[in-house]
Every structure is written in C-alpha cells, then in structure tokens.
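Protein chains in written order, with the working numbering: chain L, 1 to 131; chain A, 1 to 441.
Bear in mind the hints are in silico, worked out from the structure with no lab data behind them.
Beta carbons: idealized from backbone N, C-alpha and C, even for Gly.
One or more of the hints may lead you astray.
Unchecked claim - Label pairs and their in silico Cβ distance ranges:
(1) Tyr341(A) - Ala83(L): 27 to 33 Å
(2) Trp394(A) - Gly53(L): 57 to 63 Å
(3) Lys92(L) - Thr149(A): 25 to 31 Å
(4) Ala117(L) - Arg220(A): 53 to 59 Å
(5) Asn76(L) - Gly146(A): 24 to 30 Å
(6) Lys428(A) - Asn76(L): 52 to 58 Å
As the list claims (entries may be wrong) - Listed below are the simulated SDA-like cross-link pairs for lysine to any residue, each with C-alpha atoms no more than 25 Å apart in a straight line:
(7) Lys147(A) - Lys51(L)
(8) Lys147(A) - Ala117(L)
(9) Lys65(A) - Val72(L)
(10) Lys110(L) - Phe151(A)
(11) Lys258(A) - Ala383(A)
(12) Lys110(L) - Arg140(A)
(13) Lys258(A) - Ala37(L)
(14) Lys82(L) - Gly66(L)
(15) Lys92(L) - Ala37(L)
(16) Lys110(L) - Lys283(A)
(17) Lys57(L) - Lys81(A)
(18) Lys57(L) - Gly74(A)
(19) Lys147(A) - Gly66(L)
(20) Lys62(A) - Glu391(A)
(21) Lys65(A) - Ser78(L)
(22) Lys57(L) - Tyr343(A)
(23) Lys62(A) - Ala37(L)
(24) Lys68(L) - Pro105(L)
(25) Lys54(L) - Lys300(A)
(26) Lys102(L) - Ala34(L)
(27) Lys51(L) - Pro387(A)
(28) Lys81(A) - Asp426(A)
(29) Lys283(A) - Ala326(A)
(30) Lys390(A) - Lys92(L)
(31) Lys65(A) - Met109(L)
(32) Lys110(L) - Lys62(A)
(33) Lys102(L) - Asn55(L)
(34) Lys102(L) - Ser321(A)
(35) Lys57(L) - Asn271(A)
(36) Lys54(L) - Cys44(L)
What the hints assert, rightly or not - Chain A is nowhere near these chain L residues, computed Cβ spacing over 12 Å in every case:
(37) Ala41
(38) Asn76
(39) Gly85
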Amino acid sequence: MNTPIDAILRLILLLGLVGGGVHTLPAHAAGDAAKGADVFAEECAECHSPKEGKNKKGPSAFGVVGRKAGTVADFNYSDGLKASGITWSPDKIDAYVTAPKKVVPGGRMKYEGLEDAKARADLIAYLATLR
Amino acid sequence: MTALVLAAGALLGASPAAQAVPSFARQTGQECAACHVGAYGPQLTPYGIKFKISGYADSDGKSGKVPISGMLVGAYTRTDKAQDEPPADHTHRNNNVTLDEASLFLAGRLADNLGAFVQLTYDGVEQATALDHADVRYARTFDIAGKDTVFGVSVNNNPGVQDPFNTMTVWGFPYTGPAVGFGGGDAATLINGGLEHRVLGASAYAFWDNHLYAELGTYRALSPAVQSRTGQGRADDMGKLGGNTAYWRLAWMEDLRKQVFQAGVFGFKTNVQPDRQGGPSNKYDDLGVDASYQFLGTRKHIGTLYTSYIRERQSNDAAFSAEEAARRRGTLNEFKINASYYYDQTWGLSLGRFLTTGKRDSMLYGDGYANGSPNTSGYVLQADWTPWGKEGSWGAPWANLRLGLQYTLFDKFNGASHNYDGTGRDAKDNNTLFLFAWTSF
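With the rest of the complex left out, here is chain L (with noise of 0.2 Å):
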C-alpha cells in the first residue's frame, strides 16, 4: 500500500538527493517501496534486519541509504568492506545487489546478486524508507 511517507520517499529517489549527492535520473528510481518490502523479506531479511541497531549475520538495513559502508556499530565487517570507501548510494546499492562480489571483492556477504532490476529498484525503494 502506498503511504503519503512512501510517495515522499519516492520523491526524493528521483531528485536524486538521498546519500548527500545530487545524481541522474536513476533506472531504479522507480521502486516500489511496499514491494520492495516483499523484495526483502525474499532475499534479505534473513541475514538484514530493519530495526535498527539489530544486527544479525549481516548489520542492520536501517538507514543504509546514504550510510558510509562498514560503519554500523558493533558488527565485525570484512576488512574489504571496511577498506571499499563506498557510500551506499542507491546507485551503489544496486551495483552491489546484483553482484556483490564484483563491487567488494573482499566481502563476506554470501549471496549470488539479484538480476531483476525492477525488484532491485523495489527493494533501495524499500530501503529508503528505513530510518
């Protein structure tokens, strides 16, 4: 369903301005959030929580958008993650969701990407919403 804080959030993915930069009209800028949150559930939720300050195999999703990478406190990252300077953009999210090896070689993150774009731009859509 979407919520007034939804169609906000949304509009702020397509000016661009979530992470601090001002960027293009992104492919995924799009998402669904309520989808997205299904997108989740699928794919993230069993090693991602939302809450924040939960971390479990991996940290916490809350307020990843714009989050400088390896910066959540109390959760022991890979030193390529902690070493990769990323900020996680929707841009970069979406680079690291469909193939997280290829954006940090040294992570720990199992997981073999996603290739639907569409459910991509779901999910960030989703995760802007977290915070």
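Starting from the known structure of chain L, fit chain A onto it as the hints suggest.
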C-alpha cells in the same frame, strides 16, 4: 539379535529424534527461523542446510559464545486401546504423562572450520542417560573454477545424522514422536535407526556451488565395552560390521530463495556379524531416492513437501542359521511422503503418509506379526504452535518452545489391519494421540 529388532527398538520404546539448539542462534546472531522452517528444528531452510554443511562453525565473528544448549520434551500419550503391558517400567498401559527427553548439547563452533552437534540425553521413560546423536565435522570452502565448493569431513554415530536434507529417516518427519505409543510398525530398514549410536563412522563430503552434494563414508561397530560406557548397554549389541560397510549420498539442490528444490539418491551397505568371534553374517543393501520442495516466499506462508523411498535387500544368513529367519533372502521397502504449511513461522499443520512393505518371513516377522508380514501403513497428522524463535521474539536467542498435537493412524500394523498379533489387537488400536511440549534453551 538381528539388526531389524534394533531398528524396531528405535521406533518403539526409545525416544525419537527431537533437536533444536539456540546455541546456534547465539553463535550466528540469527534467529531460529533463519535456519528452521516454522522457527524450530530440525526442519532446515536452505540457510540451515548451508550452515550444517559448513561445519556448524559459521558465526557473527564475536567471541565469548559458549556452544552449549539444553532441551526438554514432555508429553501426554494416549493410544486408542490400552496396550497389553505397560510400554516401559514406571509407565501405565495407557494415558501416560512422561518426560521423554532431557538433553544437553555441545552444539556449535569449536574452532575455525570445526563444529559439533553432540547430544547427551536423559530418557525419562527408560530413566537412563546415553550419548544420543553425535556429529563432529570440519569443513572449509575453496574456489573451484570460480564456484564456492565446501569440502568437509564428518565423524558421527548414526548413518544419516550428517545429512543436511530432511528426507532421510534420522531427520525426517515427524520430527518428534511418541516414546510410549506407536509411531510406526516394528520392522524397519537398517538405515532407519538400526545402527544408531552403536557405530562410529567417518565420511568425506563436498558441496559444489550450492547445488551438488556428494558424500562417501564408512562405519564400524563400537565394542560392547564402549557401548556400555556411552549408555547404550551391551545387551543389544548387534555384533561386528564388515569392512565393506559403505554410506554414500548424492543430491542436487536448486535454491531460488523464494523456493527450493532438492532431489537425491543415497545408499548404505554392510554385513552384520552377530557373533563377534566369528560365524555367518546378515547382509543389508539399502538404496534410497528422495526429493523435497520448499516454498518460502516472504516467509509469511511456507509450504514444504518431502518424500523418500528406501529399498532394502537382505541376505539373512546369520538369522537363518540361528533359526531366526525362515528364508535367506528378504526385502523391505519404506515409502514416506509429508507436507507441511506454516503461517507466520508460528502456526503449523503437517500431514504424512508412511508405508512399509516387505517379503514375508514367518520367523523374522513371527511373534507380534500377522502372516509373517512386516507390512505397516498409516498417516501422521500434526498441528503445532511455535510462539518464539523469530526476530524480536521473547527470549531470543536464549529460549524457544513448540507445543504440538500429533495423531498417528494405522490402517495396517505388523502385517494386518485386524488381529495382527493373534490376541485380537487391531491396527487402529495403536492409533496414538501425542501431545507434546518441546522447549530448548
């Protein structure tokens, strides 16, 4: 004493398998629901399958985790007709309230790439303590042609306990069952519990690209002295296993995250020499095929389907010589299929069908059987409630609980529907209501 009788003991009288350990959750930072369908063991999700294959050693990287867990199973058991004799000392002919199991586990990471699942169980029905399932394994992941490949070694005490899929008997449905009622007929294949906890084996396995699982191993019988020390006792020692004993397994898994398919084959072959000093042996050649499907979706609605078929060829030379078998050759076949549905990882409904058939033998299947036939068939229905074990659950990751109602119906038992034992007892008289409370911490 034939191995068949030992297998029967595993089905009736001994506590059935029931395992779930929060020490894994504490070690990994995951909730029970990540590894287990319905948020309770031992029914594994693909994540749980990979955790087991990886040697129980995966963790959240934090120190100070203690790989110790405990478990209790309490039950009320009622059969449709009271049994002729109490099923065990300190029990009644019917309507028994029992502490089926109180277990202590060494379960989790022992060192890098090394993990264990070792269970010590106090059987409240038999009022005795013994080493239960034990599986210690070492596993490492290598890159083979650009694909992650896990290579591992398991040392264990029960053929099949090391298997990561829930189709073989050790970890198959129903995941707990009546210790003082009836969960199946008396005849069972050797791989179906006939050797459990009285052998020690080692196997090597590989898991390629999260798809292909291959394993090969062998077993030896524990000496009577060791069986006595581990709590199994000497009385039911099955004898020596031949040097040709082989356990093997091949399976293919397709993990699509929203759904999972698996299909495989497995086998176990051995000679059992009842007289350890020498003499003839009974030979068993078990061959199984299995398949499973899980619909996982968003984990709000989960559906599973498991099936297996085992064909056992027997050469009962020792039993024939001892006048415990009327024929030298025999066969025994076991078919199982079950489906389950879980809502919100909390409310579960399961239905299973089991069917055992085999070649008649008036001596091997003598007292307590009709017409020398091992045939038994029936259904298992279960409804259960697992309130914890999810993200944010009360007690996580320290405690979990499952309350269940299970009903086993027989349309045939030990060879007949009516008067199977010659005293007028019918198969349906063994229909068993089993109410259980199963907690782990």
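Non-conforming hints, listed in increasing numerical order: Numbers 1, 2, 7, 16, 17, 18, 19, 23, 26, 30, 34, 35, 37 and 38, in rising order.
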